[in-house]
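All chains, full assembly: derive it from the sequences and hints.
Now for the letters of each chain:
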Amino acid sequence: MAKQQIKIGNTVFFKSAPRINSFAAICGSKEKEGIIGEYADVTLEDDMYGESTFEKAECKMLTNAISLAIEKGGYKEQDIDVLLSGDLLNQIISASFAARDYDFPFLGVYSACSTMSESIMLAAMLVNAGYVKRAVAATGSHFASAERQYRYPLEQGTTRPPQSQWTVTGAGGCTVCEGSKGIKITSATMGRVCDYGVTDVNNMGAAMAPAAADTIMQHFKDTGTQPTDYDMILTGDLGALGSRIVKDLTWEKGFDISSRHVDCGEIIYKVIEDEFQGGSGAGCSAVVLNSYVLSKMRAGLYKRILFAATGALLSTVSSGQGESIPCISHAVELEY
Amino acid sequence: MTGKTRDNYNENYLSYVKTQDPPTKHFKNCLSAFGVGGLICCIGQFIRFMLEYAGLSGDELAGCTSIVLIFLGCLLTGLGVYDRIGRHAGAGSIVPITGFANSVASPAIEFKTEGWIYGMAAKMFTVAGAIIVFGVFSGVLVGLVYLFI
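Just so you know, the sequences run in chain order A and B.
Its first residue numbered 343, the first sequence is counted upward by one per residue in our numbering.
Its first residue numbered 572, the second sequence is counted upward by one per residue in our numbering.
A few of these clues could be false.
In silico lysine-lysine, BS3-like type, Cα no more than 30 Å apart, as pairs [said to hold, decoys possible]:
{"no.": "1", "chain 1": "A", "residue 1": "398", "chain 2": "B", "residue 2": "694"}
{"no.": "2", "chain 1": "A", "residue 1": "526", "chain 2": "A", "residue 2": "563"}
{"no.": "3", "chain 1": "A", "residue 1": "374", "chain 2": "B", "residue 2": "683"}
{"no.": "4", "chain 1": "A", "residue 1": "595", "chain 2": "B", "residue 2": "589"}
{"no.": "5", "chain 1": "A", "residue 1": "398", "chain 2": "B", "residue 2": "683"}
{"no.": "6", "chain 1": "B", "residue 1": "599", "chain 2": "B", "residue 2": "589"}
{"no.": "7", "chain 1": "A", "residue 1": "563", "chain 2": "A", "residue 2": "523"}
{"no.": "8", "chain 1": "A", "residue 1": "374", "chain 2": "A", "residue 2": "612"}
{"no.": "9", "chain 1": "A", "residue 1": "612", "chain 2": "B", "residue 2": "589"}
{"no.": "10", "chain 1": "A", "residue 1": "612", "chain 2": "B", "residue 2": "599"}
{"no.": "11", "chain 1": "A", "residue 1": "523", "chain 2": "A", "residue 2": "357"}
{"no.": "12", "chain 1": "B", "residue 1": "596", "chain 2": "A", "residue 2": "612"}
{"no.": "13", "chain 1": "A", "residue 1": "612", "chain 2": "A", "residue 2": "638"}
Label-pair restraints from in silico Cβ distances [claimed, not checked]:
{"no.": "14", "chain 1": "B", "residue 1": "596", "chain 2": "A", "residue 2": "447", "range": "47 to 55 Å"}
{"no.": "15", "chain 1": "B", "residue 1": "710", "chain 2": "A", "residue 2": "380", "range": "54 to 62 Å"}
{"no.": "16", "chain 1": "B", "residue 1": "696", "chain 2": "A", "residue 2": "414", "range": "28 to 36 Å"}
{"no.": "17", "chain 1": "A", "residue 1": "568", "chain 2": "B", "residue 2": "587", "range": "22 to 30 Å"}
{"no.": "18", "chain 1": "B", "residue 1": "590", "chain 2": "A", "residue 2": "534", "range": "20 to 28 Å"}
Far from chain A, some chain B residues (derived; all Cβ distances over 10 Å) [to be verified]:
{"no.": "19", "residue": "602"}
{"no.": "20", "residue": "605"}
{"no.": "21", "residue": "614"}
{"no.": "22", "residue": "629"}
{"no.": "23", "residue": "631"}
{"no.": "24", "residue": "632"}
{"no.": "25", "residue": "670"}
{"no.": "26", "residue": "688"}
{"no.": "27", "residue": "700"}
{"no.": "28", "residue": "705"}
{"no.": "29", "residue": "710"}
{"no.": "30", "residue": "720"}
Bear in mind the hints are in silico, worked out from the structure with no lab data behind them.
Positions of the beta carbon are idealized from the N, C-alpha and C atoms, including for glycine.
Here it is in structure tokens:
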């Protein structure tokens, strides 16, 4: 019934169902040890990726993820109409610098760690509206460059609190195309900014959980679905703590997602050293989605997935000035 | 949702988050800080004995001991060992003079990519700057108290 309208509440429905035709993921050596190791296309031996700085390495990972996604779909560079990408660094330099290697137009997106779901959503909107035929959505992050921007120098001997998460080194990208083959993007829910007053920058899971819960429940309401209608409800980087909170928050409102919920950050690492609550960063959801999840979807293991990556929209300035952390989550529904 | 100000934050949520937070292992942290901090001090004392044996004394001896420890702190930072020690030892490796050396050397390494002058040199004291400012300030305060007593 809902599919007749193009927008209900905050959810947009894609009549022509844009497809994810190909996807690619690159991850670092630490991520390789975990579940995604065998599904990622490229794994780095060295976190510098043969470059002189970590920022260049991040840019190179993103470039390679974009190129691989295009190549795996059997496309050439001139087949792509637009690139939607972003990353965590100031002025989204990795994405912009990656885009200068390509001839197609670039739209920069910033939504912190939910950049992957936002860029897929925007790409699907563009394709559904008929403005473009093929778009690429990609994002990435690097532990060392994020650490330098948001926290302390790498070599400094500080302790990490048990709530903290580990920024994922990795990049992922996918092509969103019109056509009839590939994974369907049927609808997307645009997120609202939620701020429950969490000020602890080490506790991102608790800050982002309300945003995830809000968007997921909004999606259920708008589409008239229940958690059990999905094979998997995939959040981005809430970590173990945030996952517990999001389950509680949705359960309170009458949606029991506990049997369907999976968090990319929680599953990405075999927690052995000090990843504590799991992975975080834009690359976290990008790598897990574009390797393990979409591969399994294509293999027929999952039929319907709700992908709701979450992002913390803070900067070092805002947290230094004592502001709380506003967070956002965008959800994309995938079917195969 | 509207009208949310800094005064009516969701107190319920914040107190709920507190109940979910994994606890910090204070006892274990204190123990490893004590062990590592003590070990660094023992190494310092050993260096002092060696230098004394070599014929130094007084201020020279104290200065040289510090210099050797600072050198070791910087060396271990450069080798990428000190941050690993620090992750487990916490205050045990931050408080001794080697921790100060680490807090100067680590930004220097980190920001070298932004150039020698505006990168390495200018940002070398991003962390240690606070230590120096408050160190000097408390030194002045103690000096004034000493002057009037």
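Right, here's what the structure says about each hint:
1. A:398 x B:694: holds (20 Å)
2. A:526 x A:563: holds (21 Å)
3. A:374 x B:683: holds (29 Å)
4. A:595 x B:589: Since the Cα atoms of residue 595 (chain A) and residue 589 (chain B) sit roughly 21 Å apart, the hinted pair holds (cutoff 30 Å).
5. A:398 x B:683: holds (14 Å)
6. B:599 x B:589: Holds, because 21 Å separates the two Cα atoms, which is no more than 30 Å.
7. A:563 x A:523: holds (29 Å)
8. A:374 x A:612: The hint holds at about 10 Å.
9. A:612 x B:589: holds (25 Å)
10. A:612 x B:599: holds (23 Å)
11. A:523 x A:357: holds (15 Å)
12. B:596 x A:612: The hint holds at about 21 Å.
13. A:612 x A:638: holds (20 Å)
14. B:596 x A:447: 47 to 55 Å: holds (52 Å)
15. B:710 x A:380: 54 to 62 Å: Between residue 710 (chain B) and residue 380 (chain A), where Cβ atoms are some 58 Å apart, the hint holds.
16. B:696 x A:414: 28 to 36 Å: violated (48 Å)
17. A:568 x B:587: 22 to 30 Å: holds (25 Å)
18. B:590 x A:534: 20 to 28 Å: holds (26 Å)
19. 602: It holds; residue 602 (chain B) is separated from chain A by about 14 Å at its closest Cβ, greater than 10 Å.
20. 605: holds (14 Å)
21. 614: About 16 Å separates residue 614 (chain B) from the closest Cβ of chain A, which puts it past 10 Å; holds.
22. 629: holds (31 Å)
23. 631: Label holds. Min Cβ-Cβ 29 Å, cutoff 10 Å.
24. 632: Its Cβ never comes within 10 Å of chain A, the nearest being 27 Å, so this holds.
25. 670: violated (7 Å)
26. 688: holds (17 Å)
27. 700: Non-interface label stands for residue 700 (chain B): nearest chain A Cβ at 13 Å, farther than 10 Å.
28. 705: holds (17 Å)
29. 710: For residue 710 (chain B), whose nearest Cβ neighbour in chain A is about 24 Å away, the distance exceeds 10 Å, so it holds.
30. 720: Consistent with the label, residue 720 (chain B) stays out of reach of chain A, its closest Cβ about 38 Å off (over 10 Å).
Checked against the numbered hints above, the structure violates hints 16, 25; every other hint is satisfied.
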